[in-house]
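Those sequence lines, one after another, are chains A and B.
The numbering used here puts the first sequence at residues 12 to 125.
The numbering used here puts the second sequence at residues 4 to 112.
Among these hints, one or two may not hold up.
[Unchecked claim] Here are some chain A residues pointing at chain B (derived, C-beta under 7 Å):
#1 Tyr44
#2 Asp53
#3 Pro54
#4 Asp67
#5 Asp73
#6 Phe75
#7 Phe101
#8 Tyr107
#9 Ala114
#10 Gln118
#11 Gly119
By construction, these hints were calculated from the structure, which means they are not laboratory data.
For each residue, glycine too, the CB sits at the ideal point set by N, CA and C.
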Amino acid sequence: AAGVIQSPRHLIKEKRETATLKCYPIPRHDTVYWYQQGPGQDPQFLISFYEKMQSDKGSIPDRFSAQQFSDYHSELNMSSLELGDSALYFCASSAYREMNTEAFFGQGTRLTVV
Amino acid sequence: RKEVEQDPGPFNVPEGATVAFNCTYSNSASQSFFWYRQDCRKEPKLLMSVYSSGNEDGRFTAQLNRASQYISLLIRDSKLSDSATYLCVLRDSWGKLQFGAGTQVVVTP
Numbered sequence: 012a013a014g015v016i017q018s019p020r021h022l023i024k025e026k027r028e029t030a031t032l033k034c035y036p037i038p039r040h041d042t043v044y045w046y047q048q049g050p051g052q053d054p055q056f057l058i059s060f061y062e063k064m065q066s067d068k069g070s071i072p073d074r075f076s077a078q079q080f081s082d083y084h085s086e087l088n089m090s091s092l093e094l095g096d097s098a099l100y101f102c103a104s105s106a107y108r109e110m111n112t113e114a115f116f117g118q119g120t121r122l123t124v125v
Numbered sequence: 004r005k006e007v008e009q010d011p012g013p014f015n016v017p018e019g020a021t022v023a024f025n026c027t028y029s030n031s032a033s034q035s036f037f038w039y040r041q042d043c044r045k046e047p048k049l050l051m052s053v054y055s056s057g058n059e060d061g062r063f064t065a066q067l068n069r070a071s072q073y074i075s076l077l078i079r080d081s082k083l084s085d086s087a088t089y090l091c092v093l094r095d096s097w098g099k100l101q102f103g104a105g106t107q108v109v110v111t112p
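This is chain B alone, in the form it adopts within the complex (with noise of 0.2 Å):
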């Protein structure tokens, strides 16, 4: 089993139509966790950090979940640009990062 899984997608979504989907992770020693971004072929780039409490940032707002171990985000009013892999990272406590497979979303018209 991996240590961080994320259903693969793609979720195809219509355009301002919502869509949300989690991360489990394995290792409840995991200290900090991130969702990034990744376009067709390029770096990863942070979208947010999961704080504990749920955070929100525009339309994206992930949460946290200790007890069942995973991070959700949704997007709202979902845009065409919004189209990309969003990849589920985990920091554990001796620094090292975990990657999950990331999960394809597709914005259509």
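So that you can see chain A by itself, here it is in the shape it has in the complex (with noise of 0.2 Å):
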């Protein structure tokens, strides 16, 4: 079965620099949500989307920012890259009327900044 799509899987940037983290949902599924896990964390939501509409924001910075296309992807782009900025950000999607269903992850990007 198709799963959550994450792309690139790792990325090596230099401070400063920018970068965009793409994700594919499971076909149909109409919400996506982007978390940030740094080292012995736990994942801290950053923003979601709803039928290509920004439904809700965490603790994204200014700095970044992401949408949903037409096809339900979305892109996390991220600018003036600090070395705090080094985590796994992973990508969730799940059905939004579906309530008693469950998100789907992907394998997450692993982003160092250098």
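Relying on the hints, combine the two individually framed chains into one complex.
Here you go:
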């Protein structure tokens, strides 16, 4: 079965560079969530989209932006990267109206800022 | 106070023993409850959903107590492969996922 696809899996960037992370949800899922997980930390919610509109915003820095496209894939754009942005970035997708169903996670993008 | 709280552990459990831990939540409007398992910096994967009546899946039993606003996970006959971080995840009435910090379980031979 198709799962949530994230690309790239690994990314190394220098400080002050930009990065774009992509997330392709499970077919027919209309909601996408982005999470950041630093070393030894729990996943921190960044932002979510439902039907291509931002549905909720968490601890996403102003240097980051995201959007969901007409095919429901989402991109997280990160600018002026800082060392502290090094983390595992997970994307999850779900079907909004199916409240009792779980969200599925991609394998994550491991971003290292040097 | 965090909206979802878990004892971070680690819970050191001898192989074959039983371990149980809770997750408390503050949002009474939480709609759906799940236990996810996360291995060593990999993506969280669903272990089981938690239903009001409680549910069991093999060696795993999940309970929901809405009155006291907590869910629990019990693992019987622990295996070495059960060593992982167990994340409590809730969906609120808006569909937003809320994560606990995770409870680390270490099963020892």
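| task | Any hints from earlier that this structure breaks? Give me their numbers in increasing order, please. | result | 5 and 6
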